[in-house]
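Number of protein chains: 4
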Amino acid sequence: MGVRVGILGASGYTGGELARLLCRHPGVELGLITSERNAGKPLSAAFPHLRGVAEGLRFQKLTAEAAQGCDILFGALPHKVSMSVVPGLLAAGQRVIDLSADFRLKDAAVYADWYGLPHQAPDLLKEAVYGQPELNRAAIPGARLVANPGCYPTSVQLALAPFVRAGAVDERLIVVDSKSGVSGAGRSPSEGTQFAELSDGFRAYKVERHRHTPEMEQELSRLAGRPLTIRFTPHLLPQVRGILSTCYLMPKEPRSAAQWRELMVEFYQGETFVRVLPAGELAGTAAVRGSNYCDLSVSLDPRTGWVVVLAALDNLVKGAAGQAVQNMNLLLGLPETAGLTQAPLFP
Amino acid sequence: MGVRVGILGASGYTGGELARLLCRHPGVELGLITSERNAGKPLSAAFPHLRGVAEGLRFQKLTAEAAQGCDILFGALPHKVSMSVVPGLLAAGQRVIDLSADFRLKDAAVYADWYGLPHQAPDLLKEAVYGQPELNRAAIPGARLVANPGCYPTSVQLALAPFVRAGAVDERLIVVDSKSGVSGAGRSPSEGTQFAELSDGFRAYKVERHRHTPEMEQELSRLAGRPLTIRFTPHLLPQVRGILSTCYLMPKEPRSAAQWRELMVEFYQGETFVRVLPAGELAGTAAVRGSNYCDLSVSLDPRTGWVVVLAALDNLVKGAAGQAVQNMNLLLGLPETAGLTQAPLFP
Amino acid sequence: MGVRVGILGASGYTGGELARLLCRHPGVELGLITSERNAGKPLSAAFPHLRGVAEGLRFQKLTAEAAQGCDILFGALPHKVSMSVVPGLLAAGQRVIDLSADFRLKDAAVYADWYGLPHQAPDLLKEAVYGQPELNRAAIPGARLVANPGCYPTSVQLALAPFVRAGAVDERLIVVDSKSGVSGAGRSPSEGTQFAELSDGFRAYKVERHRHTPEMEQELSRLAGRPLTIRFTPHLLPQVRGILSTCYLMPKEPRSAAQWRELMVEFYQGETFVRVLPAGELAGTAAVRGSNYCDLSVSLDPRTGWVVVLAALDNLVKGAAGQAVQNMNLLLGLPETAGLTQAPLFP
Amino acid sequence: MGVRVGILGASGYTGGELARLLCRHPGVELGLITSERNAGKPLSAAFPHLRGVAEGLRFQKLTAEAAQGCDILFGALPHKVSMSVVPGLLAAGQRVIDLSADFRLKDAAVYADWYGLPHQAPDLLKEAVYGQPELNRAAIPGARLVANPGCYPTSVQLALAPFVRAGAVDERLIVVDSKSGVSGAGRSPSEGTQFAELSDGFRAYKVERHRHTPEMEQELSRLAGRPLTIRFTPHLLPQVRGILSTCYLMPKEPRSAAQWRELMVEFYQGETFVRVLPAGELAGTAAVRGSNYCDLSVSLDPRTGWVVVLAALDNLVKGAAGQAVQNMNLLLGLPETAGLTQAPLFP
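Residue numbers (the working numbering), protein chains in the order written: chain A, 1 to 347; chain B, 1 to 347; chain C, 1 to 347; chain D, 1 to 347.
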């Protein structure tokens with residue numbers, strides 16, 4: 001008998017991507033999809049593209065009973081909802097990979113400050129394991145609760161980890177200029193994400209304060225072994241999938257362009273899902289669409305001294321559902337790439 | 001020892017899709033990719049998205065020697081070039097799945113009329129097997145030369161086959177209004193396919209005469225058992241992938257909407273890659289992106305009498321590379337779905 | 001003292017286009033914009049692009065008092081709301097150009113059938129003048145109530161008028177395949193018009209029954225002098241602005257391609273906003289973006305006998321706000337092109 | 001008799017925009033358009049959208065004779081070609097507004113370094129007037145040769161001018177992350193600007209060295225009164241029009257957010273084409289499409305100390321043709337806004 005998994009909140013984009021990946025996964029069976037709005041309808045009612053792919057599945061309301069039959073549950077619920085549901089699931093003996101923001105921050109006060117409400121399960125914050133395999137692999141297999149990273153933080157942390165870990169860059173002068181496709185904003189209709197509003201237009205948003213900032217600072221400070229701050233600016237692209245983060249770092253001591261690249265190559269030695277590009281090539285989102293890859297490139301500007309790191313990933317895959325499946329593979333002791341070997345789709 | 005396959009003309013979009021599908025195919029090994037322009041470079045020089053997916057492969061020039069090591073060759077060369085190359089490959093004992101237009105028409109005079117040049121290998125036109133598995137499956141396994149259908153014709157033939165085969169519609173009043181994503185125009189740069197020219201714009205082209213018309217008429221006349229003509233209008237969509245063909249048919253005798261749909265459902269009984277949608281749902285290209293599915297829907301307009309059939313497919317997959325792999329599976333006696341089980345990508 | 005005009009329901013896309021055109025119009029002053037949702041806010045709160053263009057204007061709630069100061073009112077309210085408001089405005093002595101569907105149909109029973117509710121001001125249906133200047137110019141100047149045509153009907157009627165008026169085509173075999181940019185669906189958020197749902201995808205909708213059908217049939221039957229039916233299929237394009245209607249007509253008697261084109265050229269002699277393209281060129285939406293032009297082209301398919309007419313316009317301008325301003329110019333005795341001479345925007 | 005103007009190299013996107021603006025300009029007559037490729041054809045052969053707008057105009061080859069009849073010539077030729085043509089025009093007594101990069105840099109050695117070839121008319125570099133009216137207005141009216149600024153530099157210089165002029169920010173820590181629509185790459189077909197390559201994708205380019213960098217540094221150093229360096233990263237957006245530059249500045253001394261904004265408001269007091277947004281609103285490209293506006297916003301990040309300035313403009317208008325017309329108005333003593341009052345187009 002195979003492992004049975006479920007998706008809580010399966011009618012949004014992240015839920016749909018989880019369904020796409022899990023129904024073709026060789027080691028597990030997708031046995032549960034929940035949605036309050038679509039309860040009773042087949043998966044294809046929300047996702048016509050999956051007709052015939054996962055035929056029998058119907059949405060159910062999320063109940064303790066429904067959840068019980070699963071070995072692992074993916075939480076694709078909104079933040080705040082997630083922290084009200086997860087404790088019960090854990091108490092019932094289940095393992096949870098939570099894709100909301102609710103269990104990523106270690107400090108309940110930081111959560112309250114950035115999310116504007118008190119955390120309802122602060123005791124779980126310490127137990128939750130931050131699920132970014134390339135930076136935290138050892139801790140994941142034994143976890144009951146995995147906090148799946150945010151899409152922006154995944155890109156930024158992969159971009160900066162080699163350099164902050166090495167203590168090679170000024171921790172007070174990190175500038176991150178990120179651009180995201182609109183699928184990152186979720187499936188709920190809003191004026192700002194209408195086609196006619198976004199098409200042929202580009203804008204920044206939440207320039208002064210975006211909730212992914214403390215997550216990046218927490219994880220990179222941990223890697224650096226000392227506190228660092230990040231000037232983070234998110235932008236909305238007129239495209240569906242993809243995040244490109246352009247990161248500016250000021251070296252503490254001079255290195256050649258080749259040495260900066262070498263630092264990165266060595267750091268990601270053996271990682272399947274991180275592709276460090278050859279010198280002279282630049283990361284872009286088109287090359288990772290639909291896949292679990294994160295592409296990285298490093299450039300040095302000798303005129304101004306800045307090092308420029310580019311990180312590109314698909315926000316719904318490596319930035320969400322794909323990384324969650326990678327975490328599941330680790331929990332189950334499967335090959336980390338199981339179910340994630342689809343090549344990117346281009347053009 | 002596995003089966004070894006090669007792609008001739010592998011640096012265009014169709015070639016890239018063949019590479020994407022074949023390098024993840026469980027039953028064959030991709031051993032050859034040719035490109036005059038990129039000879040010597042790795043696959044990722046033309047397709048950065050495939051970096052790490054098919055690592056060792058390098059483009060070669062197309063020579064008899066290079067081709068020899070392969071059991072099956074996919075021809076993704078331009079028409080005219082194809083008919084100059086294929087005879088030699090067959091003579092050398094290879095099997096060829098040709099994705100150009102050169103071997104689709106049975107009549108060399110029709111070819112000369114629509115393509116504006118005499119056919120160079122007219123003897124092969126009779127031997128070539130038209131590779132649309134759902135409509136011509138029995139003939140494919142034994143073929144030396146498979147002519148892979150055009151993208152528009154695949155959609156139109158799947159849409160109309162059940163009705164013309166049944167003799168249910170007026171053969172002189174068939175109107176087909178097709179819309180294609182721009183990847184169908186190939187990868188060679190031209191002013192008309194520049195982003196700035198196409199974006200937020202829509203237009204028809206080749207309204208009076210498009211080369212896919214005789215292909216549709218040939219195949220559907222064969223199915224109908226009598227000659228038919230099609231009024232075919234292609235349009236260019238501001239999108240990358242996808243063809244939607246809206247087909248207007250005038251019934252010879254009245255049937256209910258349910259009966260029209262039933263005709264189609266029965267015709268495609270058991271076909272994995274044709275999804276006949278439930279009554280009330282309409283085919284669209286977003287639901288088939290990146291997959292080998294063709295979605296079909298049927299509507300009846302009781303006011304005017306017209307039956308409206310919609311067919312949606314991904315022009316690079318079911319309309320080209322995916323169907324070619326389906327044909328290869330038939331040639332090799334593999335399960336017809338091998339290597340083609342990727343779910344569509346949405347959003 | 002200039003003429004003072006107002007826009008009722010000014011925070012949607014049609015309202016925004018009216019504001020854009022009217023605040024640069026040489027003969028009128030935009031003195032009122034209403035919006036229940038935005039009352040009290042400046043125009044730029046809904047339309048940041050108009051900041052500095054129409055600086056002092058603030059949205060008001062729609063009241064009889066607010067409306068009173070205007071000589072002409074543009075109704076950009078939803079259908080059903082419009083027919084509840086317009087009678088009062090007329091009673092108060094104002095002239096109204098209504099952009100909703102409420103006063104376009106002459107027959108209250110047809111309205112009830114297609115809109116699913118009884119008409120609340122059936123007496124006004126006869127008085128209302130259908131505001132398509134090229135086809136109904138003489139009736140407009142004296143009107144109290146102008147019913148501004150729908151976007152699809154404007155394109156279809158301009159495409160077909162020369163041929164149905166001449167009695168040159170079979171009235172029972174008219175097929176119209178229309179494609180519209182998504183701004184035609186309005187500004188209210190819905191899942192189906194989200195960027196991530198629409199981008200790189202194309203689909204038909206309301207295939208069996210779209211409310212613009214009776215409007216086209218009414219106007220074209222009037223021109224033809226006998227009843228005709230239209231098989232009309234609307235589609236949604238992944239673009240913001242533009243409608244292309246591809247129309248299929250079956251000649252009653254043979255004519256050459258040049259003669260078909262000549263019929264059209266003569267019909268539109270002297271019309272500024274209709275551009276009949278030279279033989280060999282095809283109408284597309286990119287050439288009319290942001291302008292009040294409708295581009296037309298005619299092709300003949302000698303193989304099948306069909307005549308194919310293409311009509312391209314900007315659904316928000318010639319299909320809505322621009323045509324409304326054209327009607328206003330006629331009401332006021334101004335040059336018909338006043339305020340409408342902006343060249344299209346390309347690329 | 002009106003002023004007669006001409007466009008040299010009129011078949012690219014910048015040339016098309018100049019034609020669009022000039023043929024509706026109240027104070028000049030567009031009398032000449034040149035194109036080697038399209039000589040003899042009407043303007044609408046290259047720009048179908050301008051059919052009927054500038055009817056009689058036909059492209060000519062560029063000759064001294066053809067140019068002679070014009071009072072002012074707009075050079076929309078490629079760099080290098082421009083510097084070979086402009087000296088002759090000046091010698092013949094004409095005034096030139098040059099939109100190429102050839103006369104923007106003051107130092108021929110810097111030109112040779114960044115453009116990779118020696119300057120052919122170094123004597124003119126001193127005479128040429130840098131045509132950014134908001135920053136250099138006084139010098140323009142008397143010029144024989146106006147060097148029209150680059151698209152990126154226009155945005156960056158407007159964003160930074162108030163702060164570097166005030167000496168308020170660290171001149172060695174300026175980071176500019178710019179994103180441009182693809183029309184900035186011109187109309188010549190290339191693989192990288194094909195629709196299928198760009199759509200739903202985003203990437204950086206020329207990260208280590210982009211030719212607009214020395215232009216920005218020259219102009220901003222001049223304003224600052226001391227040398228400054230800029231870390232400049234250009235990116236390519238999947239959209240046609242629009243540049244958004246996100247600029248990071250490190251204050252020399254603390255100021256409140258309101259004070260930073262006030263600095264900018266005062267600096268641009270009275271400028272029609274610069275819109276400093278209210279606190280809390282962020283500049284985006286959708287609000288300036290098709291217009292000569294540049295929108296600016298300022299934010300302060302108290303956590304990290306960085307000031308973030310956003311500048312949005314339409315690269316073909318304020319970044320090219322619109323600014324050139326603004327310069328022409330200054331040369332002719334016309335109101336600076338003549339022919340530039342079109343409202344932006346949204347959506």
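In case anyone wonders, no lab produced these hints; they're calculated from the structure. Computed from a prediction, not measured in an experiment: that's the story for all the values here. Just so it is clear, CB atoms sit at the ideal spot from N, CA and C, and this is done for glycine as well. Check each hint, because a few of them may be wrong.
When the alpha-carbon atoms are kept at most 27 Å apart in a straight line, the in silico DSSO-like pairs for lysine-lysine are as follows [claimed, not checked]:
{"no.": "1", "chain 1": "C", "residue 1": "K252", "chain 2": "C", "residue 2": "K80"}
{"no.": "2", "chain 1": "D", "residue 1": "K80", "chain 2": "A", "residue 2": "K206"}
{"no.": "3", "chain 1": "A", "residue 1": "K106", "chain 2": "A", "residue 2": "K41"}
{"no.": "4", "chain 1": "A", "residue 1": "K252", "chain 2": "D", "residue 2": "K252"}
{"no.": "5", "chain 1": "D", "residue 1": "K206", "chain 2": "A", "residue 2": "K252"}
{"no.": "6", "chain 1": "D", "residue 1": "K41", "chain 2": "B", "residue 2": "K206"}
{"no.": "7", "chain 1": "B", "residue 1": "K206", "chain 2": "C", "residue 2": "K41"}
{"no.": "8", "chain 1": "C", "residue 1": "K80", "chain 2": "B", "residue 2": "K252"}
{"no.": "9", "chain 1": "C", "residue 1": "K252", "chain 2": "B", "residue 2": "K252"}
{"no.": "10", "chain 1": "A", "residue 1": "K41", "chain 2": "C", "residue 2": "K252"}
{"no.": "11", "chain 1": "D", "residue 1": "K106", "chain 2": "D", "residue 2": "K61"}
{"no.": "12", "chain 1": "B", "residue 1": "K41", "chain 2": "D", "residue 2": "K41"}
{"no.": "13", "chain 1": "A", "residue 1": "K206", "chain 2": "A", "residue 2": "K80"}
{"no.": "14", "chain 1": "A", "residue 1": "K206", "chain 2": "C", "residue 2": "K106"}
Per the computed footprint, the stretches of chain D lying under chain C, defined by three or more beta-carbons under 8 Å from a beta-carbon of chain C, are [to be verified]:
{"no.": "15", "segment": "43-51"}
{"no.": "16", "segment": "82-90"}
{"no.": "17", "segment": "250-258"}
{"no.": "18", "segment": "319-332"}
Now the hints, each set against the structure:
For a cut-off of 27 Å, the pair hint linking K252 of chain C to K80 of chain C is broken: about 40 Å separates their Cα positions. For the hint linking K80 of chain D to K206 of chain A, the alpha-carbon distance of about 43 Å lies beyond 27 Å, and the restraint is violated. Between K106 of chain A and K41 of chain A the CA atoms are separated by roughly 38 Å; this puts the pair beyond 27 Å, and the hint is violated. The suggested pairing of K252 of chain A with K252 of chain D holds, with an alpha-carbon distance near 21 Å, which does not exceed 27 Å.
The suggested pairing of K206 of chain D with K252 of chain A holds, with an alpha-carbon distance near 25 Å, which does not exceed 27 Å. A C-alpha spacing of about 22 Å is found between K41 of chain D and K206 of chain B, which places the hinted pair at or below 27 Å, so the restraint holds. Restraint check for K206 of chain B and K41 of chain C: not satisfied, since their Cα atoms lie roughly 50 Å apart, outside the 27 Å limit. Among the hinted pairs, K80 of chain C with K252 of chain B is inconsistent with the structure: their alpha-carbon atoms are about 41 Å apart, more than 27 Å.
In summary, the hint linking K252 of chain C to K252 of chain B is supported, as the alpha carbons are separated by about 21 Å, within the 27 Å threshold. Distance check on the hinted pair: K41 of chain A and K252 of chain C sit about 50 Å apart at the alpha-carbon level, beyond 27 Å; violated. A hinted pair counts as satisfied when its Cα atoms are at most 27 Å apart, and K106 of chain D with K61 of chain D does not qualify at roughly 30 Å. Simply put, K41 of chain B and K41 of chain D have alpha-carbon atoms about 42 Å apart, too far for the 27 Å limit, and the pair is violated.
For the hint pairing K206 of chain A with K80 of chain A, the CA-to-CA distance comes to about 20 Å; that is within 27 Å, so the pair holds. Straight-line distance between C-alpha atoms of K206 of chain A and K106 of chain C comes to about 51 Å, which puts the hinted pair past the 27 Å bound. Under the rule that three or more residues need a Cβ within less than 8 Å of chain C, the assignment of the segment 43-51 of chain D holds, with 5 such residues. Counting residues of the segment 82-90 of chain D whose C-beta lies closer than 8 Å to any C-beta of chain C gives 0; at least three are required, and the coverage claim is violated.
Under a criterion of three residues with beta carbons nearer than 8 Å to beta carbons of chain C, the stated coverage of the segment 250-258 of chain D fails, only 0 such residues being counted. For the segment 319-332 of chain D, the proposed coverage by chain C is not satisfied: 0 residues have a C-beta within less than 8 Å of a C-beta in that chain, short of the threshold of three.
Violation of the numbered hints given earlier is confined to hints 1, 2, 3, 7, 8, 10, 11, 12, 14, 16, 17 and 18; the remaining hints are satisfied by the structure.
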